Every structure is written in C-alpha cells, then in structure tokens.
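Q: Chain residues, written in single-letter form:
Number of protein chains: 2
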Amino acid sequence: MPSSDSSQPPRSSDELSIADLQRHIHQMYYEKDVIRGVDGTFMWLMEEVGELASALRGDDQENLAEEFADVIAWLATIANVAGVDLNAALSAKYGHGCPGCKRLVCECPSSEKP
Amino acid sequence: MPSSDSSQPPRSSDELSIADLQRHIHQMYYEKDVIRGVDGTFMWLMEEVGELASALRGDDQENLAEEFADVIAWLATIANVAGVDLNAALSAKYGHGCPGCKRLVCECPSSEKP
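Residue numbers (full-length UniProt numbering), protein chains in the order written: chain Z, 1 to 114; chain G, 1 to 114.
Calculated directly from the structure, the hints in this document are not laboratory data.
It is possible that part of the hints are untrue.
[Stated by the list, open to error] Keeping only pairs whose Cα atoms sit at most 20 Å apart, straight-line, the calculated EDC-like set for lysine to aspartate or glutamate is:
| no. | chain 1 | residue 1 | chain 2 | residue 2 |
| --- | --- | --- | --- | --- |
| 1 | Z | K32 | Z | E47 |
| 2 | Z | K93 | G | D20 |
| 3 | G | K93 | Z | E62 |
| 4 | G | K93 | Z | E51 |
| 5 | Z | K93 | Z | D20 |
| 6 | G | K93 | Z | D14 |
| 7 | G | K102 | Z | E31 |
[Unchecked claim] These stretches of chain G come out as covered by chain Z in the derived footprint (C-beta under 8 Å, 3 or more residues):
| no. | region |
| --- | --- |
| 8 | 63-77 |
| 9 | 84-91 |
| 10 | 95-104 |
Bear in mind the structure is a predicted one, so any value in this text is a computation, not a measurement.
The C-beta atom is built at its ideal place from N, Cα and C for all residues, glycine as well.
When you get a sec, could you build the whole thing from the sequences and use the hints?
A: Set out below in structure tokens:
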C-alpha cells in the first residue's frame, strides 16, 4: 500500500493494537480468568454491558469511556480463555471492507446485517 | 521505553490498532449508524452478544472468532455514534496495569472487579 494512501494515516506511537490489548489482559488476568472459566467470565461481561447501557443513557462522557473500556477488556478476557486471537478475527472479518457488500463505505440495505 | 523490554514485543505490521478499527468502522458504517442512533445500534449489539454466547457453547472455533469480531465491531459503531475514542479509553484504563491494584499481574481479590 503506498504511503500516500490517505485512507491509511500513519499509526501514532500511542495507538494500542488489539493484539497488545489482548496480551496485556492476558498478562494481568489470565491466571484468574482460566480458573473462572468462560461461563463465569461471561457473567462479568454481562454486568459490564449493563453498566455500558446505563452510561449511554447518562451524560458522564468520562464514565462512558470507562464502560466501553471495561466491556472490551472483558471480551478480551473471554477470548483469552476461549483461545481466540482477536486481531486475526477482526482483520479477517473487517480488515477488507464491509463483510456484506465488500465496499469501504457500506452499501448493504439498512435492514441487513453488515 | 527501551526496545529490549521483553514485555513489549515489536508490533507486527499486520496488527490492527484499536484506533484503525474504529476508523474503519466509521468509514464503512457511520452514515447509517448515526441515523440509527445509539438505541437502535445497541439492539444490534445485543443480538451479536447472543450469537457470541451461542458460539461459546458450541465447538466451531471459526464461527466463534467471527462472533467476537462482530461484537467488537458493533461496540466500535456505538462508540462512533456516542463520540467515544476507544484507543484513549482503553489506554487510560488498562494501559498501565490493572486499574484495581495497579500491578502488571493482577493481585486484586478474586471477588472484586479489576
């Protein structure tokens, strides 16, 4: 890909990669996560999803950002326990345009899933 | 950070950043997302969370990876509509060790949230 491609700005050094995030979460929590297992960890995820819903209905933008971070962190935790590589999963499904219509700006009918 | 820090391996060029993902999702879907709004988009997220739960109970690892990708993509969509920077949110909360105990390997009591 040429460096002049304006759709791909240079990555800033403070941009966390999805793989980095999954590794950080693994380092911090894997020992506990694997004991808790997928089912127990999913319960924590659901609690965080509820907190995200609540934050989306509120007006505290800082809290909202934290709730997004928590939901994604718990997803990374479950992915670690389930042996899923999130970088590979996201690159495969969303790294080449919309998985439905294959375009960089989706043209799927609104009623259809991407 | 010195390049010899073994906890921070060099980033591979095929590692998607969280900011890249959020930008890709913005480019592909924002026009539709903003019309649908947060509430409508949250419904799609919940449908994907259900599919993730189902995949976690099954044995199709490829489908499981896709469901993780879909849930994270819908989270990025909602973050776009709600004006949340996921890279900043995740870096702030999880980029410096466990937010609970501040350690790189969490030592929080298991019954407490990180």
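Q: Indicate, hint by hint, whether the structure satisfies it.
A: Verification of the supplied hints:
1. Z:K32 to Z:E47: 18 Å, holds
2. Z:K93 to G:D20: The hint holds at about 14 Å.
3. G:K93 to Z:E62: This hinted pair holds, its Cα atoms lying about 11 Å apart.
4. G:K93 to Z:E51: Holds, because 16 Å separates the two Cα atoms, which is no more than 20 Å.
5. Z:K93 to Z:D20: With a Cα-Cα distance of about 19 Å, the restraint between K93 of chain Z and D20 of chain Z holds, given a limit of 20 Å.
6. G:K93 to Z:D14: 14 Å, holds
7. G:K102 to Z:E31: 16 Å, holds
8. 63-77: It holds, with 10 qualifying residues against the three required.
9. 84-91: Our answer is that it holds, as 8 residues pass the Cβ test (under 8 Å) against chain Z, meeting three.
10. 95-104: Three-residue rule met by the region 95-104 of chain G, so holds; n is 5.
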